[in-house]
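Enquirer: Spelled out from the first residue to the last, the chains are:
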Amino acid sequence: DAGITQSPRHKVTETGTPVTLRCHQTENHRYMYWYRQDPGHGLRLIHYSYGVKDTDKGEVSDGYSVSRSKTEDFLLTLESATSSQTSVYFCAISEGGTGNSGELFFGEGSRLTVL
Amino acid sequence: QKEVEQNSGPLSVPEGAIASLNCTYSDRGSQSFFWYRQYSGKSPELIMSIYSNGDKEDGRFTAQLNKASQYVSLLIRDSQPSDSATYLCAVTNSGYALNFGKGTSLLVTP
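The listed protein sequences derive, respectively, from chains A and B.
Position 7 (the first sequence) corresponds to 7 in my numbering; numbering is contiguous.
Position 79 (the second sequence) corresponds to 79 in my numbering; numbering is contiguous.
It should be emphasised that the hints constitute simulated quantities derived from the structure, not laboratory data.
Be aware that a few hints might be false.
What the hints assert, rightly or not - Taking lysine-lysine pairs in the DSS-like style, the calculated list, with each CA pair at most 30 Å apart, reads:
1. LYS11(A) to LYS70(A)
2. LYS67(B) to LYS53(A)
3. LYS56(B) to LYS42(B)
4. LYS53(A) to LYS56(B)
5. LYS42(B) to LYS11(A)
6. LYS67(B) to LYS57(A)
7. LYS70(A) to LYS67(B)
8. LYS70(A) to LYS42(B)
9. LYS53(A) to LYS11(A)
10. LYS2(B) to LYS56(B)
11. LYS57(A) to LYS11(A)
Next up, chain B with everything else stripped away, as it sits in the complex (with noise of 0.2 Å):
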């Protein structure tokens, strides 16, 4: 079984700092690597995705991919309490589907 691991959290940071979650993984065949945002009680939504190494950004985001480490990290600049959520990593598998992580909660207090 292809394994897609999680610091499960909570990680709790102060508004306005920088959160930073990881997650590793161990088919080293994925290709493509994701990350959801979950909040309580509701569907998991797509924020990133990253396919080759290095740096991604897309507002406050920015997801890093490290092929060579099987690692991949998500980093949210000027953390909101409206980020505080469950953040789950999800990586290709060989077939059709994602595997996912079991997610880590973040805790932005204000």
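One chain only, chain A, in its complex shape (with noise of 0.2 Å):
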């Protein structure tokens, strides 16, 4: 199994407050997804790195932001949650990108749960 871990796996959290996700990798890869997955809408990317302080927006950004400061780690923020961001969080890495390798490692997933 790619070595992505997820923390954390778990949260309840009220509206308003802000959240922070981690994602952390030992592969040594380049690239660093965060996706979101909702029954109905199926996986939508918010932010990706594609090295070290190099990131992008996705989709879904609106709300979030990440930062990237150490090849190993990626984290997402929700600045002010809100009842909407109830979601799945997933975040994946990638070696060379999504050209001809494509394959996206994916963690276990992170539950939030804003009330």
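Could you use the hints to bring the two separately framed chains together as a complex?
Expert: Set out below in structure tokens:
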């Protein structure tokens, strides 16, 4: 199994509070991604990183920020959590981006509930 | 927004039959195509990738790609109850990430 660890795995929080999810990899892969998965919407990209301090937005980036200060860590922050951000969040990594490789290795997911 | 469309199912097939899963995509510039399998409560895992028109076989799985029709499919031969899962079609976008379809739920009945 790819060495990807997400924390926390489960979190319940209240509307308006900040939340940070952490993704840690031991594979030294360049690319890291945050997706959210919701019934009826599938997997949607929030943000991704193509190197240390290099990040870009995905299709559902509003209300989220990310940081990558080290190759192995990619943090996702919900600045002020809302109920619409209740979801399962998956971190994924890729050695060579999604060109001819395209193999994303996923973490186990973090289930976030915003009350 | 580039779209990846899949029938949500559920697709029910008897054990031993062929399961056929289909996917269409809107971005004609897409070059790489993938099928991921996701068991309930688990994370997605890659099962097939295909980059050129035609068929690609790996064990009981065959991926088929037709770029002119913007269509990619996955055939599972000799379906087993353990194949029951949601199958996600994924297509490269213009950046560094994958666009996923919403997935097709497959149920293989004994």
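Enquirer: Taken at face value, is the distance from the CA of LYS42(B) to the CA of LYS56(B) at most 30 Å?
Expert: holds (26 Å)
Enquirer: Are LYS42(B) and LYS11(A) close enough, with their CA atoms no more than 30 Å apart?
Expert: Answer holds: LYS42(B) to LYS11(A) is near 17 Å, not above 30 Å.
Enquirer: Next pair to validate is LYS67(B) with LYS53(A); report whether the Cα-Cα distance is within 30 Å.
Expert: Outside the cut-off at roughly 36 Å; violated.
Enquirer: Check whether the Cα positions of LYS2(B) and LYS56(B) lie no farther apart than 30 Å.
Expert: holds (25 Å)
Enquirer: Taken at face value, is the distance from the CA of LYS11(A) to the CA of LYS57(A) at most 30 Å?
Expert: holds (24 Å)
Enquirer: Does LYS56(B) lie within 30 Å of LYS53(A) when you go C-alpha to C-alpha?
Expert: violated (38 Å)
Enquirer: Against the 30 Å threshold, does the CA-CA distance of LYS67(B) and LYS57(A) hold or violate the hint?
Expert: holds (27 Å)
Enquirer: Quickly compare the C-alpha distance for LYS11(A) and LYS70(A) to 30 Å and report which way the hint goes.
Expert: Holds: LYS11(A) and LYS70(A) sit about 24 Å apart, inside 30 Å.
Enquirer: Take a quick look at whether LYS70(A) and LYS42(B) sit within 30 Å of each other, Cα to Cα.
Expert: Measuring from Cα to Cα gives roughly 27 Å; hence the hint holds.
Enquirer: Hinted pair, alpha-carbon criterion (30 Å max): LYS53(A), LYS11(A). Please report holds or violated.
Expert: Holds: LYS53(A) and LYS11(A) sit about 27 Å apart, inside 30 Å.
Enquirer: Sort out whether LYS67(B) lies within 30 Å of LYS70(A), counting only the CA atoms.
Expert: violated (39 Å)
Going through the hint list in order, the structure does not satisfy hints 2, 4 and 7.
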